[in-house]
Amino acid sequence: MDGNDFRAFERDDPRIPMLLDVLRAQYLAPPTTVPPAVFRDVGRRIIEILIPLIVYRFLPRGLGSAVIVLPWRAALLFGEVYRAAGTTFFWHIGAKRHEQTLATELYHESEPPLATRTLRHIICDPMLATGGTTCATIARLLAGGVKPWDIAVQSIIAAPEGAFRVTMEHPGVRIFTCALDERLDRNGYIVPGLGDFGDLAFADLDDQYVQKRWLDTGLLTRPQAELVLERTQAIRGSAHAS
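Numbering (the numbering used here), first residue to last: 23 to 264.
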């Protein structure tokens with residue numbers, strides 16, 4: 023991967039590796055537990071650290087020139103931070119990974135901002151694993167007239183396989199992450215990784231949280247929030263059944 027296309031910030035700020043250790047603790051050091059509220063708080067702090075690093079390298083006109091693209095659910099934590107930072111343009115994409123084929127399936131898409139072709143786009147995918155969701159999202163942006171050089175991917179942890187796929191399939195798209203981990207396992211999960219980011223962040227998702235963090239801030243509409251809640255309930259039901 024070209025150094026201009028990929029950048030890991032783990033060594034740029036001493037807080038990043040310490041915060042990553044907290045996110046990884048429950049997955050890598052059982053029986054340690056990280057409550058969802060703590061996981062979200064630490065995740066937000068990491069995203070807050072990343073934003074100025076990315077603005078400096080990718081957004082010469084500042085956050086006002088950016089569209090934040092949010093593949094649900096996990097990326098919504100990024101949306102919270104960007105919303106608090108004053109970002110106004112968001113593009114929501116409901117995406118899920120098929121457990122058997124690992125293929126990405128899209129089940130929702132919001133209307134893109136009217137000025138999208140003149141703005142830069144940041145796709146927020148906390149775990150860049152196989153690259154399926156990210157590449158599907160990039161393809162959707164390209165189909166909408168966005169140029170590759172106006173697209174960047176922001177993750178917290180990336181696998182070499184996913185990062186390589188993005189750079190090979192979509193030259194010109196840049197990747198910004200905290201850490202590049204070792205590899206993917208046979209199930210398409212990052213090693214060492216930290217587990218399922220969305221499950222860990224939103225294990226206790228309820229109406230009160232949705233109202234305060236997503237509806238009151240204008241990050242989501244009520245119908246969008248209902249879709250996220252339905253998806254969350256389906257995931258919980260599947261976990262209980264297994």
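It is possible that part of the hints are untrue.
Computed Cβ-Cβ distance ranges for the label pairs, DEER-style [to be verified]:
| no. | residue 1 | residue 2 | range |
| --- | --- | --- | --- |
| 1 | GLY166 | LYS234 | 27 to 33 angstroms |
| 2 | SER132 | GLU70 | 20 to 26 angstroms |
| 3 | ALA137 | LEU237 | 21 to 27 angstroms |
| 4 | ALA161 | SER87 | 29 to 35 angstroms |
DMTMM-like mimics (lysine to aspartate or glutamate), calculated; alpha carbons at most 20 angstroms apart, straight line [stated by the list, open to error]:
| no. | residue 1 | residue 2 |
| --- | --- | --- |
| 5 | LYS234 | GLU102 |
| 6 | LYS118 | ASP207 |
| 7 | LYS118 | ASP43 |
| 8 | LYS169 | GLU191 |
| 9 | LYS118 | GLU131 |
Worth flagging that the hints you see were computed from the coordinates, not collected in a lab.
Quick reminder that beta carbons are idealized off the backbone N, C-alpha and C, glycines included.
How the hints compare with the structure:
1. GLY166 - LYS234: 27 to 33 angstroms: holds, 31 angstroms
2. SER132 - GLU70: 20 to 26 angstroms: Given range 20 to 26 angstroms: holds, Cβ gap about 24 angstroms.
3. ALA137 - LEU237: 21 to 27 angstroms: holds, 25 angstroms
4. ALA161 - SER87: 29 to 35 angstroms: Between ALA161 and SER87, where Cβ atoms are some 23 angstroms apart, the hint is violated.
5. LYS234 - GLU102: holds, 11 angstroms
6. LYS118 - ASP207: holds, 19 angstroms
7. LYS118 - ASP43: violated, 26 angstroms
8. LYS169 - GLU191: holds, 14 angstroms
9. LYS118 - GLU131: holds, 13 angstroms
Of the numbered hints stated above, those contradicted by the structure are hints 4 and 7, listed in ascending order.
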